Each structure stands twice: as C-alpha cells, then as structure tokens.
Amino acid sequence: MTSTVETVSTMAEAARAVAQGATFLAGGTIVMRDVNAGEAAPRIVRTIDPSLNDIRISGDSVVLGAGVTMAQVLANRDLEFLHPAARMIGGPQVRNMGTVGGNLFAPHPYGDFAVALLALGARAVMAGQSGGRPLDDLMRDRSRSPALVAAIECPRPRAGSFGFLKVSRVKPKGVSVLSVAALLPREGGRIRGPRVAWGAMGPGPMRGASAERLLDGQELSAATIDRVVQAAAEGLSPPTDAIATDWYRREVAGVHLKRLLEQMERG
Amino acid sequence: MIEFRKEFFADERDDDLNEVGKPTRRQDILGHVTGRSPFFDDHLFDGLLHMRCVRSPHHHARIRRVDTAEAEKMPGVVRVLTGKDVPTNLNTLLSLLDFGIDDEPILSTAKVAYRGEPVAAVIAATEAQARAAVKAVRVDWEVLPHVLDVEEAIKPGAPTVCEVYPDNKFIYHGKYDHQKLRFGDVEAAFASADHIVEGRYQMSPIEQAPIETCGAIAAPEQNDRYVCYTSTQALFFSLGTAAKVLQTPSSRLHFIGGTVGGGFGGKVDSIHEPLAVLGAMLTGRPCKYAWDRGEEMQVGAPRGAERWYIKDAVARDGRITARKFIGYFDSGAYTRLSSYAIIKGVGHLPGPYTIPNVYADVYCVYTNRTPATAMRGFGITGVDFAIENHMDKVAETVGVNPIELRILNSYRDGDMKAHRREAKNCALVECCQVVAEKGGVTLSPDARAATSLTGGGGERAQIPNFTATDEHGRVEGFDTGSYAQKASAAATAPQPPRTLPASQQPTSRPVQPPASHQPAIPPTPAAQPAQPAPPQKPAASRSGAMRFSSLSGFRRR
Amino acid sequence: MALHRGRGFAAINYPIGMNLGGDPSQALVHSNPDGKFTVALSAIDLGQGMKSVTRQIAAETLGVPVEDVYVDTADSDTGPHDMGSFASRGTHRMGNAVIQASQEARSVMLEAAAEELEVDAADLVTDGRGNIHVKGAPSRSITTMAASQAAQFKQGRTIAGRGIFLIPLSEVDPQTGEMTPVSCFAHAAMLVEVEVDDETGEVAVLDMQSAYEVGRALNPKLVEQQLRGGAWMGMSHAIWETTEPYYPSRDHGPEDFNAYVMPGPGDLAPHHISVLERPAPDGPYGGKGPGEMCANPVLPAVVNAVYDAVGVRVDDLPVTPEKVLRGLKANGGAKPRKAL
Amino acid sequence: MAKKPVHFSHNGVERAAFADDGQNLLEFLRRGAGDLSPKYGCGQGTCGACTVMIDGETQLSCLVLAESIDGKSIRTAAGLASDQLDPLQVAFMDHFAAQCGYCTPGMLVSARALLERNPKPTREEVMEAISGNLCRCTGYEPIISAILAVAEGRAQA
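Which chain is which? The protein sequence lines are A, B, C and D, in order.
With the numbering used here, letter number 208 in the first sequence gets 208, and the count goes up by one each step, no holes.
With the numbering used here, letter number 168 in the second sequence gets 168, and the count goes up by one each step, no holes.
With the numbering used here, letter number 304 in the third sequence gets 304, and the count goes up by one each step, no holes.
With the numbering used here, letter number 95 in the fourth sequence gets 95, and the count goes up by one each step, no holes.
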C-alpha cells in the first residue's frame with residue numbers, strides 16, 4: 001500500500017484525522033520506516049503546530065509536548081532526571097528525530113523512554129481533551145491509542161529517588177536486552193509507593209508489580225534488594241527475539257535491577 | 001599499535017623498492033571522502049523502473065498457482081515476471097566453471113525450498129508501487145514438510161530439499177556423497193594413542209553485511225546492447241551468468257562495476273544482474289533490482305553454518321598423531337558455492353599442523369534455508385574455529401601450554417601436507433613466538449628456538465606408506481570425472497544420483513572404528529534405503545548444445 | 001558480581017586464491033602520449049584496495065611514479081577477464097597479471113627510449129621518478145613522457161602490455177583428496193584477553209595481541225586496514241553476529257542492524273598488531289593476501305579466552321551472554337582457569 | 001501521485017524541487033536534487049549511511065519526509081568541501097579511515113556536526129557521535145583517530 005501524507009496546521013486537525021484512522025507522523029523514526037517498507041497506513045497526517053515542541057517546567061512537574069525530541073530533552077537542564085533515559089535512545093541522529101510521544105508507541109524492543117515515564121507516573125494529555133490519562137492505561141494496549149497524544153505531564157522526582165538502566169549488546173548504542181526504571185520515594189528512610197517499570201520484558205513497557213510490592217515500606221538494604229532480585233521477573237512475560245530469549249531476560253532481570261538499586265543507593 | 005617485524009625473513013626480502021611497500025594513499029580515497037565515488041546506485045536514469053520480488057513465506061512448498069492479474073493492474077506496474085519469462089530458468093553459479101549441476105531457478109515455478117525464495121518479480125515506476133503490487137500477487141501454496149538441521153537432512157526419509165540431489169547431499173566427482181581426505185591410517189593411530197580428544201563445533205550462519213546492499217541497474221544501450229551497473233564482486237561471473245540465464249551473447253552485455261560498498265563474499269552470487277537485464281529487455285526501460293536491508297539479511301545468502309566433529313590421537317608430549325574430521329556444510333536449499341568451499345576446506349585440513357594421519361569426510365548438505373554462499377574466509381573460517389578450539393582442548397588434556405602446543409605441531413618448510421603437497425613458505429612458528437613474546441607467555445627453550453625453516457622435511461616429507469581408503473558414500477548415476485568437468489557428466493546422467501544400499505557398498509577396509517573410540521563422532525552416514533522416485537528434475541537447460549562460457553570457454557551443456 | 005579475566009590463543013594459516021578453473025586474471029596496461037599509464041582491469045574494489053595495490057605494483061614494475069598510473073576498473077568492455085574479488089585472490093592473482101602486463105609495456109617504453117637515446121634498451125634503467133637513463137650514466141636520460149611521445153608520434157610504437165595469471169587446473173582425487181589447492185599461505189597468531197561477567201554472561205574483549213604474516217606488505221597502510229578491520233569482524237563473529245540466533249531454527253532472524261548485532265565503537269579493544277613478511281615466491285613482489293585470514297584467529301581465541309576466564313567452553317558460535325550464563329549455571333558458577 | 005513543492009537550502013544553495021507523496025529525503029536528495037553523497041544502507045534508520053544535517057542537526061534522511069524540509073537548510077557530505085577540503089576529509093584520507101567508502105559520507109557528516117557543537121571532544125564523545133553510523137570495514141579505530149586528530153589540531157587542513 002502506498003501512503004498519502006497530509007500536513008495540517010493544528011493539533012486539533014491532526015487529532016480529527018487520527019480519529020478517522022490516520023497514522024500520525026512525528027519524528028519519523030517509526031512511521032517513515034514503515035512507509036519505506038510499504039507497511040504504513042494509507043493515510044498519514046502530520047502537523048506543523050509549534051505547540052508540539054513546547055516544554056513547560058513548573059515546580060513539581062514538567063510538561064513535554066509530544067513532539068519534543070530526545071535531543072531537546074537532553075539539551076534542557078531542568079530535565080536532567082530524564083537524561084539517562086533520553087541518552088540511551090538510538091544514536092545521535094535518532095535522538096534528533098525521535099519524539100517523546102512517538103516513543104510511547106515504539107514497538108518492542110524500542111520504547112525505553114516510555115519505561116522511564118511509566119516509572120515516573122507520567123500522564124498523557126490527549127489532543128483536545130483536558131486532564132491527563134495515566135500512562136499505565138495507555139501502555140496496556142499501545143496498538144490502539146484512543147486519541148492523539150499532545151503532551152506528557154511528568155512529575156519531577158526528588159533528587160536521588162529515580163534511576164534508569166538500559167542493557168544493550170552493543171555499545172554505546174544498541175537496542176534493549178532490557179531496560180528498567182525505578183522511582184523510590186522515601187519517607188523516613190523507608191520506601192513509600194515505589195514504581196518500577198520494565199522495557200523489553202513484555203509486549204511493551206510494563207510495571208514491575210512484584211518488585212514494587214517487595215520494596216514498599218522497606219529500607220533499601222541488601223536484604224531487601226536480595227528479596228527483590230529473587231522475584232524481579234515474576235509477572236513479566238519477556239519476548240524472545242534476536243537479541244535474547246525470554247529465559248535470558250528473566251534470568252538477568254533481577255541482576256540488572258539489583259545493579260540499578262545499588263547504583264541509586266550509592267547516589 | 002602496529003609494528004613491522006622486519007627482522008623476520010629479512011634475507012628473503014629486498015626492501016629497496018620505489019613504490020611497493022610505501023603507505024601510499026588509496027587511489028579512490030578522494031572520491032570516498034567527497035561522496036563522489038560511483039557506486040552502482042549512483043548512476044541516474046530517467047524513467048528508472050524498480051523491481052521487487054514476490055517471495056515464499058514457507059520453508060518448503062509446492063507452487064500450485066501464481067496469479068499476477070491483480071498486481072498487473074496496480075498503479076505504476078509495468079510488468080510482472082514469472083519463471084516462464086526467464087529464458088533459462090535454472091542455474092548454478094559454478095556451471096560457468098563446469099562444476100555442479102544447474103539446480104536453482106531464477107524465479108521458481110514448481111516449488112520453493114526456502115523462506116524468501118522468489119516466485120515472481122514486479123516491475124513498477126516507483127519502489128513503493130512495486131512493493132504494493134508484490135502484495136497483490138496471489139500464490140496458491142501447498143506446504144511441504146521441511147528440514148533445517150544438517151544431520152536430520154541426511155537421515156533416511158528426510159524431505160528432499162533439492163530434487164537434483166535427492167539425498168540432500170552434493171555429489172563429488174560423480175562418485176561420492178561427500179569429499180574425502182585420506183592420508184595414512186587414523187584408526188591405527190587412535191588405537192595406540194596416549195590420549196583421544198574429541199569435540200563437536202558449530203559455526204554460525206553469518207551475514208556479510210556490506211553497508212551497500214546488493215543490486216544492479218540495467219538499461220538499454222546503443223547497438224542492441226544492455227549496460228548493467230552492478231555491485232558484483234565478480235564482474236565476469238555476473239556477466240556470464242546473465243548471458244546464460246538470458247540466452248544472449250555476452251557481447252550484448254556491458255557490465256560496469258568495480259566500486260563496491262563492501263562485499264565480504266555476499267556479492268558473488270549474481271542474483272540481481274540477470275533479472276535487472278531481463279527487466280530492461282522486456283520493458284525497454286532502465287530497471288533496478290536491489291535488496292533492501294531485510295532481504296540482504298534473510299534472503300541474501302549468508303556464510304553457511306558448519307558443523308564439525310574432530311577426533312585427535314595425541315601423544316603424551318602433545319604431538320598429534322592422527323586427526324579425523326566429519327564435517328557438514330549447511331548449503332541451504334541450493335548449491336551456490338558451498339560445494340567448492342568444501343574442496344577448498346578439505347585442502348586446508350588438518351590446519352597448519354603436520355599430522356601423520358588425517359581423515360576427513362565433508363558433506364555439502366541441503367536444508368530448507370536460505371542458500372549459503374561465500375564470506376570472508378569461505379571454507380576456512382568455520383573449520384579454523386573448530387580446529388583452534390580443539391587445540392585448546394588438546395593442550396588442556398596433555399597439560400601443555402597452548403602456544404607451545406601449536407609450535408610443537410606446527411608445519412615447517414618441507415613437510416608433507418595431507419593433500420600430498422609439500423609445505424613451503426611457512427611462518428606459523430614465528431607468528432606464535434611473536435605473540436607469546438608480546439603477551440608475556442614464557443615458552444620453553446625448544447619452542448623459542450624453533451623456526452619454520454628448520455625441523456621440517458626428512459621423514460616429515462614422506463607420504464605415508466599405507467593410506468586406508470574406502471568406498472563408503474558411493475553413489476551411482478553419475479559418470480565419474482574430475483570435479484572440474486562434472487557438468488558434462490551430469491548432462492548424460494539418466495537419473496538423479498542415488499546412494500547405493502549399504503549391502504552393495506564396496507569397502508576396501510572397515511572405516512567404522514570401535515565405538516568406544518569416538519562417541520562424539522556420529523557414525524559414518526549409513527547408506528539410505530531407496531526412496532520413492534523424486535519428482536522429475538527440471539531438465540530444460542540440459543540440452544546438448546555447445547555454449548560459450550566467458551569463464552571457461554566452450555563446453556557442452 | 002564478579003568479573004573474570006582470561007586469555008585465549010589461536011594460530012591459523014590461510015590459503016591464497018583457489019584452484020578452481022585455473023583462477024585466471026588478466027590485465028592490460030598502456031600509456032598515453034604523456035607517459036601516463038592506464039591499467040585496465042575488471043577487478044573489483046570492495047574496499048580492500050584493489051585499485052591502489054595494483055596501481056603501486058604497476059608503477060613499481062613500469063618504473064614510473066605512482067601518480068603516473070591510474071587503475072581503471074571494472075568495465076567489461078575495456079577490462080579483460082578476471083575471476084573476481086574473493087578467496088584472497090585479488091592481490092596475488094591480479095598483481096601477477098599486472099606485473100606481466102607492466103613488464104611488456106615497460107620493455108616497449110625502454111625500446112622507444114633507447115631509440116631516442118641511441119643506446120641499447122638493455123642498458124636502460126628507470127629512476128621511478130619519470131626518467132629513463134643509461135645504467136651508470138644518469139645524464140644520458142629521457143623522460144618517460146618524451147619516450148612516450150616519441151613512441152606515439154615518431155616511432156609508431158604501442159607502449160602497452162598484456163598480462164595474465166593462470167595456474168594449471170588441479171584435479172582432486174576423489175578417494176584421497178590429493179590436490180594442489182592453492183599456491184601460498186598467509187599466517188596469523190592471536191592472543192585475546194576477555195572479561196566475563198559471571199552474573200550476566202556478558203563477554204567484553206579487553207585486548208588483542210596479534211602477529212600476522214602476510215608476505216610482503218605491498219602497502220603497509222592497506223595491510224593495516226585489513227588486519228584491524230578484519231580482527232574487528234572476527235571479534236564480531238565470535239561474540240555478536242548471526243543471521244539465525246537460534247540455528248537451526250529459522251525463527252527470529254534479524255532484518256535490521258538493531259537486531260543484527262555487531263560491536264560498536266564502545267566495544268572496541270586495543271589491537272596490537274605485529275606484521276611479519278615472508279615473501280611468497282610466486283606472489284607479486286612476494287605479496288600474499290591479508291584480507292580474509294585476519295578475522296579467523298579471533299573466533300577461536302575468544303572462545304578459548306572465555307574458557308580460560310570462567311571455565312565455560314562455548315563450542316557453538318556466537319558466544320552470546322545466554323550461552324555463557326547457561327554454562328556458568330551448569331558448572332555451578334565460574335571456574336577460572338588462568339592457564340595462559 | 002501528488003507532488004509537493006519544497007524550497008530548501010542545499011549545501012548553501014537555495015533550491016526548489018517537487019517531492020513525491022511519502023518520498024523520503026534520501027531519495028529526494030539523490031534522485032530529485034542529484035546529490036548522491038547520502039547513501040542508502042537500510043531505509044530503517046539503523047545504519048547511518050544516509051546521514052545529513054538539517055538546520056545543523058544530524059538526521060537520517062531515509063526517515064525524513066522530503067516535504068518536511070521545506071524552508072530548512074540541508075548539508076550533506078557533498079557540501080563539506082568548499083575551496084578546499086574539510087579538515088575531516090583530509091584526516092580521513094591521512095588516517096586511512098575509509099575502505100569501501102560507502103559509510104564515509106554519513107560518517108563525515110556526523111563528525112562535522114560533532115565538531116561544530118563540540119570542537120574538543122573526548123574519545124568517548126567521538127564514539128558516541130558516530131555510534132549511529134555503521135562501518136563494516138574499518139573496525140572504527142581509524143575513524144575515531146581521524147576525528148580526534150582534527151579536534152586536537154593534529155590534522156593538516
């Protein structure tokens with residue numbers, strides 16, 4: 001199927017087209033690849049709406065336009081907590097192209113930035129709708145987005161409470177064996193309401209419920225970490241692909257979560 | 001991080017030359033850094049058409065019907081080719097050198113034997129249109145059982161991958177279903193060895209992965225000729241193949257290449273040139289046929305997998321007295337170049353060592369996967385991985401330093417090699433010594449004093465008095481002949497070759513050693529019982545007519 | 001977690017060219033009236049430097065500066081037959097053909113010069129800088145340009161030469177495998193140091209120490225390109241690459257460079273190369289062909305190093321983290337050997 | 001098929017051309033603008049051979065919709081040399097940093113973009129900058145050396 005591309009001036013128009021079944025083209029790293037392969041939808045829409053690239057920083061949260069690129073994230077000091085994840089997306093060219101919104105829909109093994117956002121408890125603002133919708137909802141079935149994502153609202157984590165790790169076969173740029181992000185808010189030394197998210201450990205970014213359960217209310221001691229590591233892969237359904245088998249991903253998930261937690265503990 | 005150790009072999013070299021030995025800049029470097037080097041796809045043509053193939057989604061299937069009607073009506077589509085459009089729709093690459101029987105269709109019509117095998121080619125105005133039309137070609141498949149493992153493929157009852165070789169093994173010299181190497185008597189040496197060391201090694205299939213994918217652009221030229229810009233690694237292989245497949249005099253073909261974005265062996269197969277030229281012939285317009293990256297990786301022929309079993313007899317001091325190989329090359333669905341790689345590989349055994357008794361049975365095995373072809377180190381890399389991994393096991397078994405072990409067994413000038421030619425110009429010992437020195441590995445005085453120029457010859461120059469030979473794997477149905485002249489023999493073969501039943505196989509001596517000696521080596525493949533007659537093999541191209549090969553002159557086909 | 005270091009060694013030889021079909025290559029060399037030479041081939045430069053090495057060989061043989069030689073390849077209308085660029089045959093086979101063609105062209109050039117200088121051609125030598133002079137008498141000289149112009153416009157001589165390399169077709173004995181496979185061999189030895197992560201099975205290559213014997217290094221920088229790039233490829237074959245990660249299953253075959261993994265710039269190991277040069281008696285100026293064999297010793301050396309580091313021997317390539325980890329689990333953990 | 005007009009600056013020269021619907025920038029530059037220096041290696045964004053600079057940023061031209069560069073400035077390897085070669089080009093020649101030459105144009109564009117935003121990169125920064133450009137021939141080391149030589153002022157311009 002050959003594709004037709006429409007360019008519209010506003011997000012609202014783009015949202016209407018998406019509602020009618022069009023595919024939204026942003027950075028191009030996913031959709032243009034499909035266009036080249038003859039696998040894209042017949043109707044593609046893009047917008048030159050500048051709001052897509054807005055970055056708004058407030059005291060306790062940030063709002064990233066869905067068209068903000070990884071490079072723009074990396075260029076912004078207020079977004080330092082997102083740099084470890086943004087830095088691990090693709091090579092320099094892909095980071096200049098790939099967007100925050102696109103990464104939410106990047107198929108396995110991509111989507112590591114979304115893993116970070118998921119752990120941070122970010123919400124997606126849909127075009128033409130007020131209020132955000134938790135990424136957890138959106139990630140449940142990424143193939144059927146209910147509407148066009150206009151922006152991401154992301155709480156800013158307290159210093160030292162958020163960490164991200166991506167494991168690749170190729171350095172410095174490679175796709176995920178897995179990625180893992182952890183948000184560990186503390187109250188009096190104890191972890192309260194932790195959020196752990198995994199990449200490449202399921203069909204898309206997934207919460208690590210078992211790790212969260214074992215971390216909640218605990219101090220980040222060696223004993224806690226040991227318990228978490230043992231159960232890390234519970235409830236996850238990693239795929240087998242050219243990079244690794246499901247067995248391998250399960251085997252090393254705990255090892256890498258441990259390394260992330262220890263790294264966060266060291267600060 | 002590079003040094004030239006001029007002190008070695010200095011008296012064999014005259015270092016006083018004008019141009020040779022100088023670090024002169026590459027002739028092509030200015031073009032490379034300015035982006036002006038003309039790769040095949042850097043030749044622009046107005047009205048260029050794009051060809052893409054319809055490919056099998058199955059490992060093995062009969063083609064009941066190919067329906068191109070809908071595709072032909074798609075926007076931009078100029079023509080859809082199927083096998084009937086290809087003048088000689090059966091080829092084997094080395095037929096230009098009279099080696100092997102034509103076994104591979106250009107566009108398959110009867111069946112497919114690997115996932116990705118082409119059955120039709122769409123020619124359209126844009127690549128996107130060609131891709132869209134490819135999806136509109138309807139193929140009615142009858143899926144057949146498939147086999148993917150080399151040792152499964154040669155078991156009785158395995159599905160026949162390629163009808164030309166019904167037992168899934170290439171036939172060498174019109175006589176044997178494998179290539180033999182026999183030097184001395186390995187079984188006698190095993191019987192008296194201090195140690196037996198065995199191993200099984202699996203070399204992986206590998207993509208050549210040039211950054212430029214493989215392709216060609218052909219266009220009508222003046223004087224009823226066709227120009228073809230190509231990424232080929234072998235200009236006359238590609239030209240000769242196109243002439244043969246298109247039944248056209250080679251004088252009508254003008255091939256231009258030579259500036260290629262990496263090859264590593266993956267651009268020898270001459271897949272694109274015949275179809276690009278055919279497209280130009282049938283449409284009268286310039287036509288490009290190139291792989292995308294996905295095709296390059298999964299449809300383009302990889303370095304084939306190899307499985308090796310090695311068994312050594314080793315003396316207490318680390319000297320290897322016998323080495324036996326059983327090797328299986330995974331050729332994939334068709335022969336391409338694997339049959340020859342085995343010849344080259346067998347001439348390389350037992351590696352750079354002087355071993356008085358050597359045995360090898362190496363099989364070119366057909367499986368339902370992408371045909372294999374050349375890659376950097378073709379015929380050698382896989383077995384060297386096996387040998388040198390094995391040497392490490394030998395070193396551990398006898399408790400000898402691994403570098404020392406290599407020097408101890410290293411071939412020297414004047415030694416007799418297993419293929420019965422004298423070793424000359426050797427330098428393995430010196431390489432080992434230099435690395436030991438750099439790595440701080442202490443060698444014994446003997447190993448330090450060793451040289452490639454000394455210690456060889458004499459008794460080591462002798463061909464063994466007795467070499468055990470055998471007739472296992474004997475096939476009937478081919479005329480015997482040299483490996484280099486077999487196409488003519490094949491032309492007269494009335495039936496596909498068959499392996500003789502075991503009871504009829506002549507053997508000059510038992511080749512199966514006591515089982516206790518070689519648990520890791522699979523039994524010498526037993527002769528297979530007769531199978532139902534395979535489908536009649538395509539015979540269209542094997543008329544008796546003389547044709548000219550640009551590579552090897554006139555010969556009968 | 002523990003990281004374990006180990007070293008592995010391998011040594012190989014490598015056959016140059018092939019015996020199939022006599023392995024022929026042809027070359028044509030001619031000069032224009034300015035004394036500049038064109039070498040017409042149908043050989044392929046895939047990056048290995050075919051154009052450059054034949055250019056240097058032609059210049060050396062002709063006795064002219066390399067700048068005065070241009071290698072034109074590959075056009076089937078003008079370049080004579082060549083088997084192709086594979087089997088490490090290019091430098092050796094085509095180099096020999098270019099020498100032969102250049103020798104013939106040189107002899108005509110010297111005859112033209114001799115006629116102008118009124119001396120015997122046998123007494124003439126070239127200085128490699130564009131001059132031809134009487135041996136021992138540099139003042140009695142003529143430029144290659146003047147000689148070429150005289151040949152073209154005055155003497156009616158064609159400064160041109162033809163060359164071919166061909167070996168006798170070798171039979172292979174079906175019963176014993178007796179054959180003449182190739183004409184000469186290159187050699188290599190390699191010591192690789194690796195580091196293995198015993199919790200993840202990941203292998204990092206830390207260092208490579210090599211010795212490569214390549215015949216004469218016809219252009220040391222081109223040789224280095226092959227050895228360095230080839231060793232990288234060998235390391236890639238050893239640990240990263242395959243088209244069929246679960247061979248013999250065909251599932252999960254990579255279709256892009258994200259799934260087809262190869263070591264990136266962050267995976268490189270220092271590679272300390274020593275080049276040895278034992279000239280091949282039948283090679284062009286003793287050259288062999290380093291292009292293929294450079295990768296080969298790395299594969300087994302890596303496997304042997306991993307075994308040395310943790311006691312896990314991976315007999316099927318590539319040495320993925322999964323295979324190492326499975327081996328570690330089967331052995332009950334790392335069993336460092338440190339035998340080298 | 002719809003054609004869309006595109007005005008853009010191409011290596012400093014103002015140009016106008018028509019892009020096909022869905023056409024990527026790589027094809028547009030090569031067949032539409034006759035700039036053959038960006039190369040097709042994958043069409044998937046995984047090899048970097050098609051790298052160009054768009055308003056000073058490296059992007060993968062195979063994944064850029066051609067019409068989206070309307071009003072933008074494109075630089076390619078073909079535009080690196082003006083009266084004289086770019087120092088990176090000279091360094092690539094001197095360091096034998098190209099073999100087959102197919103990845104070279106994209107590699108040079110990535111290197112040029114690096115040095116423009118970071119004239120004194122570390123080795124790690126160089127490796128990061130070229131990590132989206134695959135080379136199958138060299139093993140990267142000569143490429144890294146060439147770029148560092150320019151950064152350290154060791155290369156002759």
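Just to be clear, a hint being listed does not mean it is correct.
Restricting the straight-line Cα-Cα distance to at most 35 Å, the calculated cross-link-like pairs of lysine-lysine (DSBU-like) are [to be verified]:
{"#": "1", "chain 1": "C", "residue 1": "Lys323", "chain 2": "A", "residue 2": "Lys258"}
{"#": "2", "chain 1": "B", "residue 1": "Lys135", "chain 2": "D", "residue 2": "Lys4"}
{"#": "3", "chain 1": "B", "residue 1": "Lys438", "chain 2": "D", "residue 2": "Lys72"}
{"#": "4", "chain 1": "C", "residue 1": "Lys36", "chain 2": "B", "residue 2": "Lys424"}
{"#": "5", "chain 1": "D", "residue 1": "Lys4", "chain 2": "D", "residue 2": "Lys72"}
{"#": "6", "chain 1": "B", "residue 1": "Lys393", "chain 2": "A", "residue 2": "Lys171"}
{"#": "7", "chain 1": "D", "residue 1": "Lys120", "chain 2": "B", "residue 2": "Lys135"}
{"#": "8", "chain 1": "C", "residue 1": "Lys154", "chain 2": "B", "residue 2": "Lys438"}
{"#": "9", "chain 1": "B", "residue 1": "Lys393", "chain 2": "C", "residue 2": "Lys135"}
{"#": "10", "chain 1": "A", "residue 1": "Lys171", "chain 2": "C", "residue 2": "Lys154"}
{"#": "11", "chain 1": "D", "residue 1": "Lys4", "chain 2": "B", "residue 2": "Lys73"}
{"#": "12", "chain 1": "A", "residue 1": "Lys258", "chain 2": "C", "residue 2": "Lys135"}
{"#": "13", "chain 1": "B", "residue 1": "Lys22", "chain 2": "C", "residue 2": "Lys338"}
{"#": "14", "chain 1": "C", "residue 1": "Lys154", "chain 2": "B", "residue 2": "Lys393"}
{"#": "15", "chain 1": "B", "residue 1": "Lys175", "chain 2": "B", "residue 2": "Lys438"}
{"#": "16", "chain 1": "B", "residue 1": "Lys73", "chain 2": "D", "residue 2": "Lys3"}
{"#": "17", "chain 1": "A", "residue 1": "Lys171", "chain 2": "C", "residue 2": "Lys36"}
{"#": "18", "chain 1": "C", "residue 1": "Lys135", "chain 2": "C", "residue 2": "Lys154"}
{"#": "19", "chain 1": "B", "residue 1": "Lys22", "chain 2": "B", "residue 2": "Lys393"}
{"#": "20", "chain 1": "B", "residue 1": "Lys22", "chain 2": "C", "residue 2": "Lys329"}
{"#": "21", "chain 1": "A", "residue 1": "Lys171", "chain 2": "D", "residue 2": "Lys72"}
{"#": "22", "chain 1": "D", "residue 1": "Lys72", "chain 2": "D", "residue 2": "Lys3"}
{"#": "23", "chain 1": "B", "residue 1": "Lys438", "chain 2": "B", "residue 2": "Lys22"}
{"#": "24", "chain 1": "C", "residue 1": "Lys323", "chain 2": "C", "residue 2": "Lys335"}
{"#": "25", "chain 1": "B", "residue 1": "Lys438", "chain 2": "B", "residue 2": "Lys155"}
{"#": "26", "chain 1": "A", "residue 1": "Lys258", "chain 2": "C", "residue 2": "Lys154"}
{"#": "27", "chain 1": "B", "residue 1": "Lys73", "chain 2": "B", "residue 2": "Lys84"}
{"#": "28", "chain 1": "D", "residue 1": "Lys72", "chain 2": "D", "residue 2": "Lys120"}
{"#": "29", "chain 1": "B", "residue 1": "Lys155", "chain 2": "C", "residue 2": "Lys154"}
{"#": "30", "chain 1": "B", "residue 1": "Lys73", "chain 2": "A", "residue 2": "Lys171"}
{"#": "31", "chain 1": "D", "residue 1": "Lys120", "chain 2": "A", "residue 2": "Lys171"}
{"#": "32", "chain 1": "C", "residue 1": "Lys135", "chain 2": "A", "residue 2": "Lys171"}
{"#": "33", "chain 1": "C", "residue 1": "Lys36", "chain 2": "B", "residue 2": "Lys393"}
{"#": "34", "chain 1": "B", "residue 1": "Lys438", "chain 2": "C", "residue 2": "Lys221"}
{"#": "35", "chain 1": "C", "residue 1": "Lys335", "chain 2": "B", "residue 2": "Lys155"}
{"#": "36", "chain 1": "C", "residue 1": "Lys338", "chain 2": "A", "residue 2": "Lys258"}
{"#": "37", "chain 1": "B", "residue 1": "Lys438", "chain 2": "C", "residue 2": "Lys323"}
{"#": "38", "chain 1": "C", "residue 1": "Lys329", "chain 2": "B", "residue 2": "Lys6"}
{"#": "39", "chain 1": "C", "residue 1": "Lys335", "chain 2": "B", "residue 2": "Lys6"}
Think of the hints as simulated: they come from the structure by calculation, not from any bench.
Please read these numbers as outputs of a predicted model, since none were measured by experiment.
Here is what the structure says about each hint:
no. : hint                 : in the structure
1   : C:Lys323 to A:Lys258 : holds (22 Å)
2   : B:Lys135 to D:Lys4   : holds (27 Å)
3   : B:Lys438 to D:Lys72  : violated (55 Å)
4   : C:Lys36 to B:Lys424  : violated (38 Å)
5   : D:Lys4 to D:Lys72    : holds (15 Å)
6   : B:Lys393 to A:Lys171 : holds (32 Å)
7   : D:Lys120 to B:Lys135 : violated (51 Å)
8   : C:Lys154 to B:Lys438 : violated (61 Å)
9   : B:Lys393 to C:Lys135 : violated (60 Å)
10  : A:Lys171 to C:Lys154 : violated (65 Å)
11  : D:Lys4 to B:Lys73    : holds (26 Å)
12  : A:Lys258 to C:Lys135 : violated (79 Å)
13  : B:Lys22 to C:Lys338  : violated (41 Å)
14  : C:Lys154 to B:Lys393 : violated (72 Å)
15  : B:Lys175 to B:Lys438 : violated (49 Å)
16  : B:Lys73 to D:Lys3    : holds (22 Å)
17  : A:Lys171 to C:Lys36  : violated (48 Å)
18  : C:Lys135 to C:Lys154 : holds (25 Å)
19  : B:Lys22 to B:Lys393  : violated (42 Å)
20  : B:Lys22 to C:Lys329  : violated (53 Å)
21  : A:Lys171 to D:Lys72  : holds (32 Å)
22  : D:Lys72 to D:Lys3    : holds (18 Å)
23  : B:Lys438 to B:Lys22  : holds (26 Å)
24  : C:Lys323 to C:Lys335 : holds (15 Å)
25  : B:Lys438 to B:Lys155 : violated (49 Å)
26  : A:Lys258 to C:Lys154 : violated (86 Å)
27  : B:Lys73 to B:Lys84   : holds (20 Å)
28  : D:Lys72 to D:Lys120  : holds (28 Å)
29  : B:Lys155 to C:Lys154 : violated (75 Å)
30  : B:Lys73 to A:Lys171  : violated (48 Å)
31  : D:Lys120 to A:Lys171 : holds (22 Å)
32  : C:Lys135 to A:Lys171 : violated (60 Å)
33  : C:Lys36 to B:Lys393  : violated (57 Å)
34  : B:Lys438 to C:Lys221 : holds (22 Å)
35  : C:Lys335 to B:Lys155 : violated (38 Å)
36  : C:Lys338 to A:Lys258 : holds (29 Å)
37  : B:Lys438 to C:Lys323 : holds (31 Å)
38  : C:Lys329 to B:Lys6   : violated (48 Å)
39  : C:Lys335 to B:Lys6   : violated (41 Å)
The structure is inconsistent with the numbered hints 3, 4, 7, 8, 9, 10, 12, 13, 14, 15, 17, 19, 20, 25, 26, 29, 30, 32, 33, 35, 38, 39, although it conforms to all the rest.
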